[in-house]
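Student: Spelled out, the chains give:
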Amino acid sequence: MNDTKTNGPKILEAIGRNGLLLCYALFALFPLLWMLILSFKPDSEMFGSPFVFHPTLDNFRAVLGQSDFLGALVHNLVISVLAVCLSLIVGVPAAYALARFQFKGREDIAFTFLSFRFAPEILVIIPLYLIYQKLGLIDSYTGLIWVYQLISLPLLIWILRGFFEDISPDIESAAQLDGYTWWQVFFKVLLPLIRPGLVAAALLCFIFCWNSFTFALQLGGGRTQTSTVAMMRFLASDTVHYGWVAAAALISALPEVILAILIQKHLVRGLSFGAVKG
Amino acid sequence: MLLAHPPAASAQGFDWKQASGTTIHVSLNQHPYAEAIIKHLPAFKDMTGIDVQYEITPEENYFDKVTTALSSSSGNPDVFMTGIYQMWDYASAKRMEPLDQFLNNPAMTSPDYNTSDIFEGVFNGGKWDLKPGSPSGTGTLYSLPLGFEMYSLGYNKKYFDSKGIEVPKTFGDLVALSKKLKGWNGPGSYGIAVRGTRNWATIHPGYMSVFTNAGAKDFSIKDGKLVSELAEPVSVDITKQYATMIRDGGPPGWSNYTWYQCGADFGAGKAAMLLDADSLGYFTAAPGAAKESSNLAFAPIPVLKEGTEPTPNQWVWQLGMNSSSKDKKAAWLFIQYFTGPDHVKWAALNAKLVDPPRQSAWAQPEFKQKLSAIPGFYETFQAQIKNTSVKFTPQPFFIQSTTEWAAALQKIVLSGADPDKTMKDLSKRIDKDTSKLKLN
Amino acid sequence: MRPYLVLAPAFLLTIGILFPFFVAIYYAFTDYSLRSSEYSMVGISNFKDTLTSEDFWHSAIVTVKYAVYATGVEMLLGLGIALLLNKDSILSKFLRLVLIFPLMIAPVIGALIWQLLTNPSVGLLRLPLAWIGLGEFRWSADPDYALFSIVLVDVWIYTPFIIILVSAGLRSLPKSPYEAALIDGGSAWFVFKNLTLPMLSPVILIALVFRFMTSLQEFGIIFALTKGGPGDRTMNLAVQSYNEAFPFYNLSGAIPTLLLLWALIYAVCFVLIGFWRKAQKTASGAA
Numbered sequence: 001m002n003d004t005k006t007n008g009p010k011i012l013e014a015i016g017r018n019g020l021l022l023c024y025a026l027f028a029l030f031p032l033l034w035m036l037i038l039s040f041k042p043d044s045e046m047f048g049s050p051f052v053f054h055p056t057l058d059n060f061r062a063v064l065g066q067s068d069f070l071g072a073l074v075h076n077l078v079i080s081v082l083a084v085c086l087s088l089i090v091g092v093p094a095a096y097a098l099a100r101f102q103f104k105g106r107e108d109i110a111f112t113f114l115s116f117r118f119a120p121e122i123l124v125i126i127p128l129y130l131i132y133q134k135l136g137l138i139d140s141y142t143g144l145i146w147v148y149q150l151i152s153l154p155l156l157i158w159i160l161r162g163f164f165e166d167i168s169p170d171i172e173s174a175a176q177l178d179g180y181t182w183w184q185v186f187f188k189v190l191l192p193l194i195r196p197g198l199v200a201a202a203l204l205c206f207i208f209c210w211n212s213f214t215f216a217l218q219l220g221g222g223r224t225q226t227s228t229v230a231m232m233r234f235l236a237s238d239t240v241h242y243g244w245v246a247a248a249a250l251i252s253a254l255p256e257v258i259l260a261i262l263i264q265k266h267l268v269r270g271l272s273f274g275a276v277k278g
Numbered sequence: 001m002l003l004a005h006p007p008a009a010s011a012q013g014f015d016w017k018q019a020s021g022t023t024i025h026v027s028l029n030q031h032p033y034a035e036a037i038i039k040h041l042p043a044f045k046d047m048t049g050i051d052v053q054y055e056i057t058p059e060e061n062y063f064d065k066v067t068t069a070l071s072s073s074s075g076n077p078d079v080f081m082t083g084i085y086q087m088w089d090y091a092s093a094k095r096m097e098p099l100d101q102f103l104n105n106p107a108m109t110s111p112d113y114n115t116s117d118i119f120e121g122v123f124n125g126g127k128w129d130l131k132p133g134s135p136s137g138t139g140t141l142y143s144l145p146l147g148f149e150m151y152s153l154g155y156n157k158k159y160f161d162s163k164g165i166e167v168p169k170t171f172g173d174l175v176a177l178s179k180k181l182k183g184w185n186g187p188g189s190y191g192i193a194v195r196g197t198r199n200w201a202t203i204h205p206g207y208m209s210v211f212t213n214a215g216a217k218d219f220s221i222k223d224g225k226l227v228s229e230l231a232e233p234v235s236v237d238i239t240k241q242y243a244t245m246i247r248d249g250g251p252p253g254w255s256n257y258t259w260y261q262c263g264a265d266f267g268a269g270k271a272a273m274l275l276d277a278d279s280l281g282y283f284t285a286a287p288g289a290a291k292e293s294s295n296l297a298f299a300p301i302p303v304l305k306e307g308t309e310p311t312p313n314q315w316v317w318q319l320g321m322n323s324s325s326k327d328k329k330a331a332w333l334f335i336q337y338f339t340g341p342d343h344v345k346w347a348a349l350n351a352k353l354v355d356p357p358r359q360s361a362w363a364q365p366e367f368k369q370k371l372s373a374i375p376g377f378y379e380t381f382q383a384q385i386k387n388t389s390v391k392f393t394p395q396p397f398f399i400q401s402t403t404e405w406a407a408a409l410q411k412i413v414l415s416g417a418d419p420d421k422t423m424k425d426l427s428k429r430i431d432k433d434t435s436k437l438k439l440n
Numbered sequence: 001m002r003p004y005l006v007l008a009p010a011f012l013l014t015i016g017i018l019f020p021f022f023v024a025i026y027y028a029f030t031d032y033s034l035r036s037s038e039y040s041m042v043g044i045s046n047f048k049d050t051l052t053s054e055d056f057w058h059s060a061i062v063t064v065k066y067a068v069y070a071t072g073v074e075m076l077l078g079l080g081i082a083l084l085l086n087k088d089s090i091l092s093k094f095l096r097l098v099l100i101f102p103l104m105i106a107p108v109i110g111a112l113i114w115q116l117l118t119n120p121s122v123g124l125l126r127l128p129l130a131w132i133g134l135g136e137f138r139w140s141a142d143p144d145y146a147l148f149s150i151v152l153v154d155v156w157i158y159t160p161f162i163i164i165l166v167s168a169g170l171r172s173l174p175k176s177p178y179e180a181a182l183i184d185g186g187s188a189w190f191v192f193k194n195l196t197l198p199m200l201s202p203v204i205l206i207a208l209v210f211r212f213m214t215s216l217q218e219f220g221i222i223f224a225l226t227k228g229g230p231g232d233r234t235m236n237l238a239v240q241s242y243n244e245a246f247p248f249y250n251l252s253g254a255i256p257t258l259l260l261l262w263a264l265i266y267a268v269c270f271v272l273i274g275f276w277r278k279a280q281k282t283a284s285g286a287a
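Just so you know, the protein sequences line up as chains A, B and C, in that order.
Quick note: the first sequence uses the numbering used here, first residue 1, plus one each step.
Quick note: the second sequence uses the numbering used here, first residue 1, plus one each step.
Quick note: the third sequence uses the numbering used here, first residue 1, plus one each step.
For reference, chain A alone in the conformation it holds in the complex (with noise of 0.2 Å):
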């Protein structure tokens, strides 16, 4: 109704919206356009004028060729898959419970999920090695998964508890009113509704899992070494081979990518209905 009148700001709010935007994207992302550059660039041109260069596959070659990176990925893979998908299934009702459940000490529960993260990692590394040793679980696929899950459990349940607080506990009575089983309420009407928040922090706790560094160097060896450890092994060991580093840290990173793009439909609601908030 009144198009004429605002159009003028609506063109300078344009500019200046994806300027900004732009500007952010050119800092977020050159580092990693450089790295990809860096992973076609022989070694002996590493230095030389920037993007002028003769790409080759050599760093690729090298990093999937000559070693067992792609059993790290492997390992990397299956550990992190089945630690987010162990959190998805213990930690969706958990806050769940604690959304939605009044009960004696709940926020105390709540806070205590949250304390897991609170410890620095090398604190407890040196007990959780002589447990897990004594546990046969060094080195082993079911002990990397459950460390994880200090990673991703505290933070799916405490995204996801706002999110399901978010939703007024009518919508859940009305449809239960209508016949459906409390099972098909969850599925049905509530996970659609946190959805972006549920693919959102399972993501997040996937990408945590991939990158985690500490756990699974200390805790995990020869038959574990996930990709974020076995990369850094490309980086010196002759001389120095950012280009192998490069290569291995992009392909390291697609399952990731890949994750996020499947997801990325999901991140909006999938249920509209009005009055979402109580």
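Please note that a few of the clues may not be correct.
[As the list claims (entries may be wrong)] Here are the computed distance ranges between Cβ atoms for each label pair: (1) C:132 <-> A:101: 58 to 64 Å; (2) A:30 <-> C:263: 37 to 43 Å; (3) A:52 <-> B:20: 56 to 62 Å; (4) C:192 <-> A:26: 21 to 27 Å; (5) B:438 <-> C:5: 55 to 61 Å; (6) B:415 <-> C:5: 55 to 61 Å; (7) C:53 <-> A:101: 43 to 49 Å.
No lab work stands behind these hints, which were simulated from the structure alone.
For every residue, glycine included, the Cβ atom is placed at its ideal position computed from N, Cα and C.
Go by the hints and put chains B and C onto chain A.
Tutor: Coordinates of chains B and C only, in the frame set by chain A:
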């Protein structure tokens, strides 16, 4: 074809199969010397019947991993790569198995093993009597060398020749030349690449070699106590000179530099000279490794007084045995095989074992030929080897003292801290730790 | 009983960590180290040594500065970018995906790439800096700019974390209050201040809690870039206690520092979670 196992060993009646059927765990650092081991594992298995499970850890984190594993007393790994300084700690903590009992037992050690073939200074690096302050090379043998490195001076020969620059013979010349060469090859280029991170690894290469050459010492024993000598005038004086060299002619990003940035700048034509490991120089000068690879050459470390001989410090990659190992016989066979003459000779020719610890490996004409591709490399090694040894005083606070030492050097170079006061403070800090040590 | 049963699996899965935690507290009262297999009780002397050491207080200040700068910049930047991205244009959709890539690179590698970019000899940023007369800028190798440089890398890596969370929050805001506000003719700022911000503040606070507590513990980025140098300029509690526990083999000497760091994080989170509770109540009643 190169993997064929050495026939001589079994011919003399030594039983390489005595631990056949066992499995041992080996912890390796990501390094060319470890790659040589991995290449030869099938041959080792053929010869001994021992299965080897190994794990390779990135260098930055390698010793953390070994420390944790050893302190758990689990016996895994059975064998691990170590350095001399780490051995001082692990052996003091009784985490390492003395090796003399195996070495001196004819049933356990092949007559071919021949320790006198190993360079004396390098072999001695594996021995210590665990008494803080008593020199390296006395007492029990805890580790045997896989390969080592000494510190030498690399320079861009093409540039030096084109400008008629002479390779510096004295440290004074080196400091002056480093300053002069700032900007020699365009913006960002500088005279000499040396390490500078806040880490023990900054102290032990060029700095310690020059420090020793100046007649300075890290410790002395006074009244039954290990006392830091770092605040002595001779120590402060050489530190000032070294700091001047870094400030005027070192890398602009010096405090972030460890060996690989130094090598990268040297290879890229950003640093005119390199004061670091000869093996790093060698890898940088290998064909195709870097832009300037074919233009690099090597010379002995400049000395403080003209006419004297350089005194390079050394780093030795060794193999040691976990004292909790449950399969010590197999572990010893592994150590024996991979530090023995046949593997070392083979690796010198066919893998990247640049500084083999055995004279027999150096005597191979093919090896000399291989090295002669790089001007001055072989000659520098021959000129320096007899004075190459560990220049630090063995003591279990080594990593701590040298890390603090590096922090002090950073303060002197970058924050303009007063060298006398900074070295005095450093000395006090170190004394506070070492005063806890009992010397007998 | 029902809520406890639902919570039980998650709790049992993570409660195991309390055991190593208590073992660590026990070690703090001993002279346990990786140096020797024997150890004895030493009372509170480790705590006394820690609290009387200048190094500890210096590192504590660095720790807090680092966390406040990094988290502060990330929150503002992340919130701003998420708001700018909250449009259904193709550009926004594309950027929502690619702008979170820095988080996907392992932090150590991210630090490495930045170290290479900012290397004053061979780094790519030397060229554009030289054009504006800053060719000699040494980034994290300069004592005066080291903290700035490492915070910059932290911002680069973790701003996407805020973007992801705030975007998810924005995407699940209800539409009806906005429609009402539009009909009332509220300005964009008015809508943001009175509608978006209150409804978004719980998720913003959760993002803040997680970011603040992890930046107080930051080890990887600092260790990869400066190891606490030059001198002690960037030495925080995590790097200091790592040095003490691992390379210096003195685990029991490092634990008091780590416990005090733990207590600091506990206190900060306790306060922030209190705010969260309030914000959550307001948000639930906002519409």
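Student: Take the hints in turn and mark each one as holding or not.
Tutor: Right, here's what the structure says about each hint:
As the Cβ distance of residue 132 (chain C) to residue 101 (chain A) is approximately 59 Å, the hint placing it in 58 to 64 Å holds. Take residue 30 (chain A) and residue 263 (chain C): their Cβ atoms lie about 40 Å apart, and the range 37 to 43 Å holds. Between residue 52 (chain A) and residue 20 (chain B) the Cβ separation comes to about 58 Å, which falls inside the hinted range of 56 to 62 Å. Between residue 192 (chain C) and residue 26 (chain A) the CB atoms are about 26 Å apart, so this pair conforms to the stated range of 21 to 27 Å.
A beta carbon spacing of about 58 Å between residue 438 (chain B) and residue 5 (chain C) agrees with the range 55 to 61 Å that was offered as a hint. Evaluation of the 55 to 61 Å hint for residue 415 (chain B) and residue 5 (chain C) yields a pass: the beta carbon distance comes to about 60 Å. The supplied range of 43 to 49 Å is met by residue 53 (chain C) and residue 101 (chain A), whose beta-carbon atoms lie about 47 Å from each other.
When each numbered hint is compared with the structure, no violation occurs for any of them.
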